[in-house]
Amino acid sequence: MAVQDATSEVLVDTLERSLRNRRIAKHVGIFLTLTLLWELGSRMGWLDPLFYPRPSNIIRSFWLIYFQNANVWFHLYSTISLVIIGWVLGSMLGIGLGALVGFNTVIRRFLKPYVIVLEATPRIAVAPLLIAALGFGVNSKLAIIMLVCFFAPFINTLSGVINVNEERLELFRSMRASKTQILRKLVLPDAIPVIMAGERLALTAALSGALVAEFIQRDKGIGSLILVYTRNLNMASAFACIFTLTIIGFLIFKGMEKLDHYIAYWKYEGGRERMSSKRKRTMVEP
Amino acid sequence: MSVSDQPIPLSGRILDIGVRFLPHFVLFAVIIGAWEISVATGLITSIIIPRPSAIWSAIVELYITEGTIYRHFFITLTEAVVGFAIGAGVAVSLAIASSLWDPFRRYVTPYAVVLNVTPGIALTPVIIAWFGYGMGSKIALAAIISFFPIFVNTLTGLVQVDEDREELFNSLGASNVQVFRKLRAPAALPLMFAGFKIGLTTALIGAVVAEFAQATDGVGVLMSRFSFQLNMAASLATLLSMTVIGLILFYSMEFLDDRIVFWRRESRRAAASRARARTWAAQAKK
Amino acid sequence: QDTVISVIKPTPRSAVFFPLVVGEALGYFEDEGITVNLLPSDTSIPYVAFIQNGQADLAMLDPNETINAINAGANINTVYEVMQNAPEGIAVLAGGEYTSMDDLVGTTVGLVSDRDRAFLQAALDITGHSIDDVQTVVLGESGPTLAAAIRDGNVSAISGSVFDWAALVANGIEIDTVTPEELLASPANTLAMNADMIEEKREAMEGFFRAWSKGMHVGATNPDAVEAMLRAAVPEEWEVEAAGMGLFQGVLPMNISTTERMGDLQADVWTSVQPRMLSSGAIKNVVDVSTFLNDTYIDAANDFDKAQVEAAAAAWLEAN
Amino acid sequence: MVKHEQSMAAAGDVVVSGLNVGKTFAAGTVVALENANFDIKRGSFVSLVGPSGCGKSTLLRLVSGLIEPTSGEIEVHGTPVNGPRADISMMFQKATLLDWRTSLENVLLPTEINGTPSKADKNRALDLLKLVGLEDFAFSFPAQLSGGMQQRVALARLLQTGADILLLDEPFGALDEFTREHLNTELMRIVAEVRATAIFVTHNITEAIFLADQVVVMTSRPGRMAKIINVDLERPRPLSIQTSVEFNKLVEDVRETLGAV
Amino acid sequence: MVKHEQSMAAAGDVVVSGLNVGKTFAAGTVVALENANFDIKRGSFVSLVGPSGCGKSTLLRLVSGLIEPTSGEIEVHGTPVNGPRADISMMFQKATLLDWRTSLENVLLPTEINGTPSKADKNRALDLLKLVGLEDFAFSFPAQLSGGMQQRVALARLLQTGADILLLDEPFGALDEFTREHLNTELMRIVAEVRATAIFVTHNITEAIFLADQVVVMTSRPGRMAKIINVDLERPRPLSIQTSVEFNKLVEDVRETLGAV
Ligand SMILES: Nc1ncnc2c1ncn2[C@@H]1O[C@H](COP(=O)(O)OP(=O)(O)OP(=O)(O)O)[C@@H](O)[C@H]1O
Ligand SMILES: Nc1ncnc2c1ncn2[C@@H]1O[C@H](COP(=O)(O)OP(=O)(O)OP(=O)(O)O)[C@@H](O)[C@H]1O
Ligand SMILES: [Mg+2]
Ligand SMILES: [Mg+2]
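Chains as they are written, first to last, in our numbering: chain A, 1 to 286; chain B, 1001 to 1286; chain C, 2001 to 2320; chain D, 3001 to 3261; chain E, 4001 to 4261.
For reference, chain A alone in the conformation it holds in the complex (with noise of 0.2 Å):
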């Protein structure tokens, strides 16, 4: 049932493959000689200037928006507050739901027509009505974010709860273990990887979440920044703040996969080993 990133090693692996030095170079040519051809196609007339803007002027809007007049940062850093304490908040809800649901079966039981639900609505499209609802300002943008980012972590929470290996419940009741003991040297970090791949997905729906609200409630952030570019019609500038996204985008997938390492270290060789060590130093030292 736990819901999964679709990054999948063979991706990742084909990437870092196809990223390894001299070949490095050849993919740098070929993504220059695409953007050559699509500035020169737009300087000929081929591509329509509306629509395409040119390689060269989003360069341009990347220095007008980030240096010359630096009205880019107030929208990066609404965005990303926002993002980040509706994605801290959503996920708690979601991990805490998850676990008082996967822990008690009556709950689970009447939970379920509500989650089958609750799945396949679009959730993002209750934004116009939160925001409705609750009115203008952080408060609905927030609810939104919450929205959409605590569905991966309380279904797999849930996930990780319910699907603890029966073998080793079995070790812990033939320990004679507590309930709180089982819950908390088994169950939970039992379930921590599949809850730190149910927080990645949130994360990246977290995002979207604030585009859409900033979509609807234009005040600020990189979604209304957005707006007001494509509909002066200045495409490049669009273009500049999607680039950016792509690299928020980046830095959450980068950023997560440290956390996942931190985290969820015995998954990893480099963790394991890191670990190691640092309980050998904690149990010699004293």
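Hints were generated in silico from the structure; no laboratory data involved. Hints are supplied without guarantee of correctness; some may be wrong.
To be verified - Below are the DSS-like pairs computed for lysine-lysine, each with C-alpha atoms no more than 30 Å apart in a straight line:
1) K3041(D) <-> K278(A)
2) K4094(E) <-> K4041(E)
3) K1285(B) <-> K4041(E)
4) K3130(D) <-> K3094(D)
Stated by the list, open to error - Covered by chain B, according to a simulated footprint, are these stretches of chain C (three or more residues, beta-carbon under 8 Å):
5) 2126-2139
6) 2142-2148
Unchecked claim - What follows is a set of in silico ranges between Cβ atoms, one per label pair, in the way DEER data are often shown:
7) R23(A) <-> G4259(E): 49 to 55 Å
8) V138(A) <-> A2314(C): 55 to 61 Å
9) A2072(C) <-> I59(A): 24 to 30 Å
10) K278(A) <-> P4238(E): 55 to 61 Å
11) D13(A) <-> G1089(B): 21 to 27 Å
12) F1028(B) <-> G270(A): 19 to 25 Å
13) K3119(D) <-> D13(A): 42 to 48 Å
14) V3194(D) <-> G4259(E): 25 to 31 Å
15) D13(A) <-> D2152(C): 20 to 26 Å
16) A3143(D) <-> R23(A): 55 to 61 Å
17) V4194(E) <-> N3020(D): 22 to 28 Å
In this text, a Cβ means the ideal position worked out from N, Cα and C, and glycines have one as well.
Based on these hints, arrange chains B, C, D and E with the ligands on the given structure of chain A.
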């Protein structure tokens, strides 16, 4: 790592369902009752949460007496399905090409990853600019954001085949085409369908979000209109139609998954087993 | 401690409503002890609800919305007219085959948003047609979509507003308007507030509108200063020089009152537009304008030394 | 061992005893174990051998108190079993280590569950890891160990409980033949060293005889104790004993019982 | 069997032979197999026994043509091996059946890979399923079969290829002891019936001897053939032969070789 989710079984005899769901109905009735009373007594403002009875009359009006929802319903459904079909078609073709041809995979991967880390939602204004005001832009956004999970899952399924099975095929002297047709393709089906299910959900989100941004018809724009008129009851009734679309899409895919990837579930296996025995008997008679 | 005035309106700070930017640049809002909290929102948000439940102090409404809200029993007053002529209009490609409303019959007309349908309907009514004589399609606010639709002839005309075609013009798409004269004389983007708050918020509101009016006055007397202020405050509109300029020139006259008192409420115009709105179905009932037009702040809003404002603007331009 | 056949233990010596023990599952439709009677002497090593599904695991789980018998009664140290107890400890076919804990921390788990481990507990855990030959891997995580090493950690954890009755359910069944043979030899040495009573489940006849003082042969449908065979081979036993004539007689005996019933 | 020790086959009888065969992996850093010389007679059953990593699977894969030797040469039926060939067929520890095919369709896979199966092919597949005792499960899917039954299907598939040289890499290693013993007996019967030459890899000494005409004992680091032991026990062999004195002598011999080197 790849995407997966387990199907929710939808079987059971009518009587059985009646008995099993009775407590659920009771609980549902209690919740609705409490809700109605708290709105009626002013405990909750009806602007934020309308009365269940108001929602019910909105449902009756939209779905039965006026029937206005259906046009929008089918438009959104079409957008999601066509978008999904295009996204899935491109994703599966690219995944097949990538699995067969390693250099291709290396050159496609970086772009697929870039597309993945960019929040698809952010492209909404640009997509509308590019594909215009008709259904095209909704379909395009649906296709773009459903592309990645399908691509990744299919590629993973095609590439990560069991090594022992691969060795078996090699030892039998199978050609590449045979390995693909008889091993890789069927082995990839379960993951591919898991990707399809996620892709369908995201396609619906894409269609609805694009409708929020701009549309003449569709449940997304209908919902915006209702919430603009502060008609929260009708707005929620429209949201319900999105849930229905979501459920229709999910269970249709579930149905296909169940028949095509029949070997995962006992009941389907037994049916397939009987069918093949019959075919054999028929052929033997000839 | 400044008083916060929250205003819900469709756009963030922009040339479109430059008096706000000017007032802020010259510190007039500050002088009045006011901080403006802008709540730019998609038009799918029910603005009226926001002033009713206190989320916003002022809401920028169309006449349609205003009358509909009054009809729905909302307890609101319209207190200031930001624009006294409709920025709305119906645009066609300059030098193209469509040159009047009559030409549009039987064609597809683009709407920038749902709200523009009422305006198109009124325009068709006045010229002796009906909304059923044309096909409509919502184009959305995306500049390229609008541009391509009209340039490529997918729509014969676009029903939208000055701001929408400023960007088109800047991108080399020349347009003409075929808007019936009668429709131009219409209040637009008026500010409304909760009627119960009129006295309670008097001081702050008077200050707010005074600062706004001062901004308007700078626009009337020193457009160069306004332009410079806009370049500094909303650089994103000026990244493409021609677009910025086009927009500014388009909206400059819209933001300058034609009445004696700036921002004054034109009761006769409100009365005269209603039958048309009624016949086109945009509103359900005609409303007596005295029930919601409330000019109690207008005198205070105009109570300032114009020469001083002109001097301040000139000084600002000098300094920056 | 099996009461109705031969009673060979004085009352004082018996640490585990069962009287007419039966267990059914699925509301009585599956009879996992029927009418089992047994006495196990202090310090003895008992092997349970029998085909899949004959109730070996069920018997072990009954003794450990993880499940309750449907009929009959089990006594340990003279008191009826009614739940997991401190003087009994169990080990499974899979190592069931916790991936996020080092070997040492895994071994310390039973102690942690009874309270905060003291310095002495930690030293004992380290000693046990030495006993199973893993002193160099105290700070390694399970994923860094081979299957055989993981089972050694599980064995150390079993001993850390301090229980004097050890229940082993095919502990090395998932390992390859040579590793298994090696670990069996170690197990024999360690169990003797800590003077524990052991009940050992296996499918492997040779292994069952090699380790045990008594071999209980079980048959299935319904699960029953078919025969108890005393293994009177001197200890310590070298591996080569497996090719001796006496040993092979015992093998024949067990095989016959399995085939016959 | 091992040339430099004893040459026991006339040239005409030899179906598989290796001369100084060596294989390294990881650019020569891992020596999987060193200097292997062997001749295998038509119709003989050869067991390869040795610890994990001694190169048993590597040797099998070399013979099957799945990998190429780093040095030396392998000949089958007098021609050098350079790729998978029709007269050799291989079976693995896992059944590696295709989940989406019935038993019958799985058995037909090798035929399909060579072309469209004819009516006769299908009947042959059914016969083979009968031979392995699965005639009632021809239309069952792998998930509906037990582990042992899955291996039987794999065995039928192996025979369906029509190859007369069968390579078996721990084919029943993942099954429990009793099932394994049973399948070994069947395997012996079937291989004799189809008159195939078999090379059988196992960790289990008893099993290796029980099945084989010759047991090749391998040792590791680097992988080498340490000794070849002829098993001169009469056939058919009942299970009870395992407790006989001659048999246990052979066990001792193998164990010594494994321990000594
Ligand atoms: N929880 C349970 N519910 C229902 N039936 C059970 C349960 N546990 C065991 N059984 C049944 O009881 C019988 C004995 O099972 P048990 O696990 O004790 O066998 P075993 O001898 O340990 O087999 P194996 O050698 O395969 O481990 C089997 O038929 C099994 O299916
Ligand atoms: N593809 C490979 N790449 C690198 N090393 C390999 C490869 N295949 C095998 N080896 C190495 O070659 C040696 C022999 O491996 P092989 O699989 O033949 O052993 P084995 O006797 O079959 O062991 P087991 O009993 O565990 O199956 C081992 O050290 C192994 O690590
Ligand atoms: Mg068992
Ligand atoms: Mg091997």
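We went through each hint and held it up to the structure:
| no. | hint | result |
| --- | --- | --- |
| 1 | K3041(D) <-> K278(A) | violated, 45 Å |
| 2 | K4094(E) <-> K4041(E) | holds, 27 Å |
| 3 | K1285(B) <-> K4041(E) | violated, 44 Å |
| 4 | K3130(D) <-> K3094(D) | holds, 21 Å |
| 5 | 2126-2139 | holds (count 4) |
| 6 | 2142-2148 | holds (count 5) |
| 7 | R23(A) <-> G4259(E): 49 to 55 Å | holds, 51 Å |
| 8 | V138(A) <-> A2314(C): 55 to 61 Å | violated, 39 Å |
| 9 | A2072(C) <-> I59(A): 24 to 30 Å | violated, 51 Å |
| 10 | K278(A) <-> P4238(E): 55 to 61 Å | holds, 59 Å |
| 11 | D13(A) <-> G1089(B): 21 to 27 Å | holds, 25 Å |
| 12 | F1028(B) <-> G270(A): 19 to 25 Å | violated, 50 Å |
| 13 | K3119(D) <-> D13(A): 42 to 48 Å | holds, 46 Å |
| 14 | V3194(D) <-> G4259(E): 25 to 31 Å | holds, 28 Å |
| 15 | D13(A) <-> D2152(C): 20 to 26 Å | violated, 45 Å |
| 16 | A3143(D) <-> R23(A): 55 to 61 Å | violated, 31 Å |
| 17 | V4194(E) <-> N3020(D): 22 to 28 Å | violated, 52 Å |
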